[in-house]
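With the hints as constraints, model all of the structure from the sequences given.
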Amino acid sequence: MFFHIVLERKIQLHPRYFGPHLRDKLVAKLMKEVEGTCSGRHGFVVAITGVEDIGKGLIREGTGFVTFPVKYQCVVFRPFKGEILEAVVTMVNKMGFFAEAGPVQIFVSNHLIPDDMEYQAGDMPNYTTSDGSVKIQKDCEVRLKIMGTRVDATEIFCIGTIKDDFLGVISDPSAAS
Amino acid sequence: MNLAAESPSSSCSSGSTDDFAAFLENEIEAQIEEEEIEEEHIEEEDDDEIEIAEHSNKRRKVMDDESTDEESPLNTVDLANGQISNGGNVVCAHPIIIRNLCSHCGEFVEEAGSSVAFNYIHKDLRLGASEIEKLRKEDLKHLLKDKKLILVLDLDHTLINSSRMIDIIPDEQYLIKQVEEGKETDDPNQTLFQLGRYHMLTKLRPFVRTFLKEAKNMFEMYIYTMGERAYAMEIAKLLDPGDVYFPSKVICQSDCTTRNQKGLDVVLGADNLVIILDDTEHVWHKHKENLILMERYHYFASSMRQFSSGIKSLSEMKKDERESDGILATILSVLKRAHEMFFDPKIGIDLSSRDVRQILKLIRQDILEGCNIVFSRVFPSTVRAEEQPIWKLAEQLGATCLDDVDDSVTHVVAVVPNTQKAEWARDNNKFLVTPRWIEAANYLWQRQKEEDFAVPKKVDK
Chain A
997 MFFHIVLERK IQLHPRYFGP HLRDKLVAKL MKEVEGTCSG RHGFVVAITG
1047 VEDIGKGLIR EGTGFVTFPV KYQCVVFRPF KGEILEAVVT MVNKMGFFAE
1097 AGPVQIFVSN HLIPDDMEYQ AGDMPNYTTS DGSVKIQKDC EVRLKIMGTR
1147 VDATEIFCIG TIKDDFLGVI SDPSAAS
Chain B
184 MNLAAESPSS SCSSGSTDDF AAFLENEIEA QIEEEEIEEE HIEEEDDDEI
234 EIAEHSNKRR KVMDDESTDE ESPLNTVDLA NGQISNGGNV VCAHPIIIRN
284 LCSHCGEFVE EAGSSVAFNY IHKDLRLGAS EIEKLRKEDL KHLLKDKKLI
334 LVLDLDHTLI NSSRMIDIIP DEQYLIKQVE EGKETDDPNQ TLFQLGRYHM
384 LTKLRPFVRT FLKEAKNMFE MYIYTMGERA YAMEIAKLLD PGDVYFPSKV
434 ICQSDCTTRN QKGLDVVLGA DNLVIILDDT EHVWHKHKEN LILMERYHYF
484 ASSMRQFSSG IKSLSEMKKD ERESDGILAT ILSVLKRAHE MFFDPKIGID
534 LSSRDVRQIL KLIRQDILEG CNIVFSRVFP STVRAEEQPI WKLAEQLGAT
584 CLDDVDDSVT HVVAVVPNTQ KAEWARDNNK FLVTPRWIEA ANYLWQRQKE
634 EDFAVPKKVD K
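Protein chains in written order, with my numbering: chain A, 997 to 1173; chain B, 184 to 644.
Heads up, some of the hints might be wrong.
What the hints assert, rightly or not - Derived pair list, reagent style BS3-like, types lysine-lysine, alpha-carbon separation capped at 25 Å:
#, chain 1, residue 1, chain 2, residue 2
1, B, Lys320, A, Lys1131
2, A, Lys1090, B, Lys320
3, A, Lys1090, B, Lys420
4, B, Lys420, A, Lys1131
5, A, Lys1134, B, Lys306
6, A, Lys1090, B, Lys328
7, A, Lys1090, B, Lys331
8, B, Lys432, B, Lys331
To be verified - Chain A regions said to be covered by chain B (calculated; three or more residues, Cβ under 8 Å):
#, region
9, 1013–1025
10, 1078–1091
Calculated from the structure, these hints are not laboratory results. Here the structure is a predicted model, which means the values were calculated and not measured. Positions of the beta carbon are idealized from the N, C-alpha and C atoms, including for glycine.
Here is the structure:
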């Protein structure tokens, strides 16, 4: 789920940037440091929307770096257990399939795929129902439910299921009318 | 929030809707609280990280608590029909564990347990024993339906030969020139490659491309090497540029469960369908019966030196194995034969109870069928003859080994020509051959001409 929250971070700045564009340089450094990272508490920082407040800088002893506490607003993405998401299938193998919902990778094991869907190996491995009406293969969209999450430094990994009602394929990669 | 509340309500009883929505609300409130706390305390960056770890543990614990209240996935399906039964937990067997998360119940699973790591399929994937069994059975069904067996291939000295650039001797410098020229042209039949990242030269064994193409129709193939993953993937790319032969099937040293031993436990296929092609016997301790031993491919001088000195390698002699009747061609015909015999519709036994090991045994016993062999000074008379490797090899190949000469003997195997038994062989017009004759029969799967392996007559004094 996406949240728009205020976070705080201490940014260190090298003295060479102390000039008329100090604030801009600070914001640029903040963006470089924070966008695209991930934390257990907040999830994946998608984008910084604005800087709320920049506190007074503190010069560190020994080095000439200055530390600014910056409060900024950002959009974060954090998947929760029990949440329902739409994702795009990236890989199918006999263990299950992998899908991606933005920066988050989700694995749905074959145990959590409805029993009537069978794995078919081949050029384009897929899971198909016995009558061939529903097919899960690469690049198709699925709606799934998150069963568990794990957060690393740079990415979030989830386990999902499609074994419930209203879950499963939303659309095919080959646009069928 | 509305959407989240509505969709479960239509499928589950009202009790679970409250739980779900309440849970979501709790999470969001907890987060808002944390942010307020954060604004009040300004922490050092180091403390931040520790806190993040603590909080993420707390978050996990919160979720784990929730999970013990909620149903495991098996029971959520039941929720559509019935009531929630709190506390009616089904213990999850964690069949598939990926990045320490059980893909069945979503719980964080520590290492160990009865799971085996399958990093070659996907990073950080572990499979429980029951899941491996299930996958093996499914695989068996599919393979028998497609009329395919499983082939496990070794890389070094079996399909290719590699050498480090620094080990190239002066006589082999012409190879480096060849490689440079090869890089400019784009010859599809190029067999000599440079592995840029490792400063190594690799030579593909003659006939290997045709071998792989033909084997693909009969076998599902795996690469199993004692090299490192990066090296194995590079070679796989050379052998299989289209990724059709070994998709996600490259097993390397880090996947082995026992050190210095290769095992079929990381191959997701039934043992009775596997044929192994390798040049080293001792790494396949547990699966000797599935193994077809290959003659080593020594193209580079450095590789030859490792195993024996004095003999010139193929590159020094500017020669190469013949494509038409080289080792790979011979082995391919043996594999074709084994495949034919396995799927022979005339045999009455059910397909799933057939064993390719039995088939290999039968084919082997045909090779030296009818030969009665006596050994002369091949091994010391103090040891038990029946336990000597060459004795056992000859018996495997279908010959009968005897301790002493008598009328039924057809071959005398000797190293020097002037032993008693050798004289007897010459007097009685029996074949007198070196032990290499038996080894050759083993590598080439065919009885060789005895004249090619005759014991050289010693020069008379």
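Taking the hints in turn, this is what the structure says about them:
1. B/Lys320 x A/Lys1131: holds (24 Å)
2. A/Lys1090 x B/Lys320: Holds. A/Lys1090 to B/Lys320 sits at ~13 Å (cutoff 25 Å).
3. A/Lys1090 x B/Lys420: Roughly 23 Å between the alpha carbons, so the hint for A/Lys1090 and B/Lys420 holds.
4. B/Lys420 x A/Lys1131: Given that 25 Å is the threshold and the Cα spacing comes to 30 Å, the pair is violated.
5. A/Lys1134 x B/Lys306: Judged against 25 Å, a Cα distance of about 19 Å means the pair holds.
6. A/Lys1090 x B/Lys328: Satisfied, since the Cα-Cα distance of roughly 17 Å is no more than 25 Å.
7. A/Lys1090 x B/Lys331: Distance of about 18 Å is within 25 Å: holds.
8. B/Lys432 x B/Lys331: holds (16 Å)
9. 1013–1025: violated (count 0)
10. 1078–1091: With 6 residues closer than 8 Å to chain B, the region 1078–1091 of chain A meets the three-residue bar; holds.
Of the numbered hints listed earlier, those contradicted by the structure are 4, 9.
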